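Number of protein chains: 2
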Amino acid sequence: MIIDCHGHFTSGPKALPEWRVKQLAAVNDPANAPKKSDLKISDDDIRSSIESGQLKLQQERGADLTIFSPIAGQMAHHLGNQQTSFVWSEVCNDLIYRVCQLYPDNFAGVCQLPQSPGESPEKCIPELRRCVEQLGFVGCNLSPDPSGGYWKDPPLTDRSFYPIYEELVRLDVPAMIHVSSSCNPCFQGTGAHYINGDTTAFMQFLTADIFKDFPTVRFIIPHGGGAVPYHWGRYRGLALDMKRPTVESMMKNIFFDTCVYHYPGVEFLTRIVPIENILFGSEMIGAVRGKDPNTGEYFDDTKKYVDACQNLSTDDRQKIFEANARRVYPRLDAQIKRRGK
Amino acid sequence: MIIDCHGHFTSGPKALPEWRVKQLAAVNDPANAPKKSDLKISDDDIRSSIESGQLKLQQERGADLTIFSPIAGQMAHHLGNQQTSFVWSEVCNDLIYRVCQLYPDNFAGVCQLPQSPGESPEKCIPELRRCVEQLGFVGCNLSPDPSGGYWKDPPLTDRSFYPIYEELVRLDVPAMIHVSSSCNPCFQGTGAHYINGDTTAFMQFLTADIFKDFPTVRFIIPHGGGAVPYHWGRYRGLALDMKRPTVESMMKNIFFDTCVYHYPGVEFLTRIVPIENILFGSEMIGAVRGKDPNTGEYFDDTKKYVDACQNLSTDDRQKIFEANARRVYPRLDAQIKRRGK
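These protein sequences, in sequence, are chains P and E.
To convert, note that position 326 of the first sequence is 325 in numbering that gives the first Met the number 0; the numbers rise steadily by one, no gaps.
To convert, note that position 105 of the second sequence is 104 in numbering that gives the first Met the number 0; the numbers rise steadily by one, no gaps.
These are calculated hints, taken from the structure and not from any lab test.
Computed from a prediction, not measured in an experiment: that's the story for all the values here.
Hints may contain errors.
Taking CB as the label site, the calculated pair distances span [what the hints assert, rightly or not]: (1) 215(P) to 241(E): 52 to 60 Å; (2) 43(P) to 241(E): 45 to 53 Å; (3) 151(E) to 23(P): 32 to 40 Å; (4) 289(E) to 159(P): 31 to 39 Å; (5) 158(P) to 317(E): 29 to 37 Å; (6) 242(P) to 125(E): 42 to 50 Å.
We put the CB at the ideal spot given by N, CA and C, even for glycine.
Extracted from the complex, chain P is given alone in its bound form (with noise of 0.2 Å):
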């Protein structure tokens, strides 16, 4: 079984971004914002999208289920304000539910939370635990930048969070670490802000105490971990000189996924970091949509690097394809299993 853990519904209908845009505009005039039940969404749209989208170039590429999420670049947490947080994460998760419910072997929910700068994480919880316990979510996607490009809010590691982190323990679900779009001229989205999410992130946890306090908590890094392996060496470095816990130590802790987008990137990445902490993921349809001239396929075509990779043996293969989404998403797994998997 090939398990793709990041997807984000990018095909989506239409209909969406349009009850966004109304959703903005009655930002300061609450009594002319849109309803939930106004935005219009029927089973064949979703139907239409997923089957020419998502679901088509899972078959073609051959994985079988996507853990899947909204769009990061449209959960944009600085506009508006909590409430508006509030409903846009409803409307996106409860679309993503129905995706899950039409397809429910192909794939599995992960929520957005609805973060909004300058407010306190825990407002989030209600919802996290909507979507776990009520909607059968897997995990959630959690931002360390609320404010959308400026990095005004307090780091992942800041004691506000740790509520959440209490949920996610609890539920025994874990977060990808995923910021949204840039609103800062200085970062691009894609290419700049989302690694820099990721280094961001990791060096965060680097410095502080969050595993000891938190030692089940589990994290996806993503995009293959920003800059992570390649700069293995500093942060093992820096991690011995600020007399931190290891980084091999972290590991309990921090998972990447193969969201790197050249074969040799990939290969890199599984003799860097343990095998158990990678796990398959493309982020399709996403951030690069074209193919490499110099191989004709699609750069996000990810399960094709792993499977070129001469240094990974079945066993490993199995591993990041299967096993350790398995194991990092224990929801999954259990959903698997009732399906006889």
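Position chain E relative to chain P; hints supplied.
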């Protein structure tokens, strides 16, 4: 000849930070500001710190010459105001000049610029000229974030930077893109802010016409290019998706150093990035000061990693260690030639 393109005077005499404390204490009290002449550092003070620090390690590790600049983390453009930065840059650059005068075979100067948040980069030109034309410096450091971790100033591709680039072209000197310290609690300095600065700058260059407007301008992106080589496919794909000039075409203007603190990372760099675009660098004494317990070697002794790369020919190594630096820093090349080397 082995040229280390990336060294900061981190082992400098204590009188310098003591003077800086007084300068910052008097930001709003100019009458009590210390004068430049109040900074008392003798030639023996310099010899003592250099010979027990940078020069000692340079010689132990088998390099010949370090391209040397003030401490990156202490540039701190965000402290004080424009006038603070003017004076601080002069003080720091003058000290580098003295090092280069005392050890002309071992050190070549690179200046910090008196950038200041919200101020026009053009104001840095007089100090850049002074350092290159009067002090014999061969390049400068240019911060993509004078706000110290809040990224409030325009990107490097903003027109306000164009006068600087005109001057770099006129003087025929390159700039190393290097952030200073971070006062943003989200960003640890050497592990997050530094690497993010590199990745961010590359993506700024990818998305703008700067190399069309300045076909001969040259930038060194340090720390192995941040996350860029590891995500080479992502950047190649983004450039193609965005209908931008290819990443390959950017290699006329962008160079990476070898400040990647483990052998596999340096080996990876040399397999991904054209050899002509890699300059040997160590940033010693800098971000990581300890030894790797696995090897017993200093993490930042990057010469050992380059030496160990089986994929490099003798000619490749000569380019990385010497020829590329002499090409990218023509004023350095001229100085070395004048010394008959």
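How the hints compare with the structure:
1. A hinted range of 52 to 60 Å for the beta carbons of residue 215(P) and residue 241(E) is inconsistent with their spacing of about 41 Å.
2. At about 33 Å, the CB distance of residue 43(P) to residue 241(E) disagrees with the hint of 45 to 53 Å.
3. Roughly 24 Å separates the CB atoms of residue 151(E) and residue 23(P), a value that falls outside the hinted 32 to 40 Å.
4. The supplied range of 31 to 39 Å is met by residue 289(E) and residue 159(P), whose beta-carbon atoms lie about 33 Å from each other.
5. Distance hint check: the CB atoms of residue 158(P) and residue 317(E) are about 53 Å apart, inconsistent with the given range 29 to 37 Å.
6. The given range of 42 to 50 Å is respected by residue 242(P) and residue 125(E), whose C-beta atoms sit roughly 44 Å from each other.
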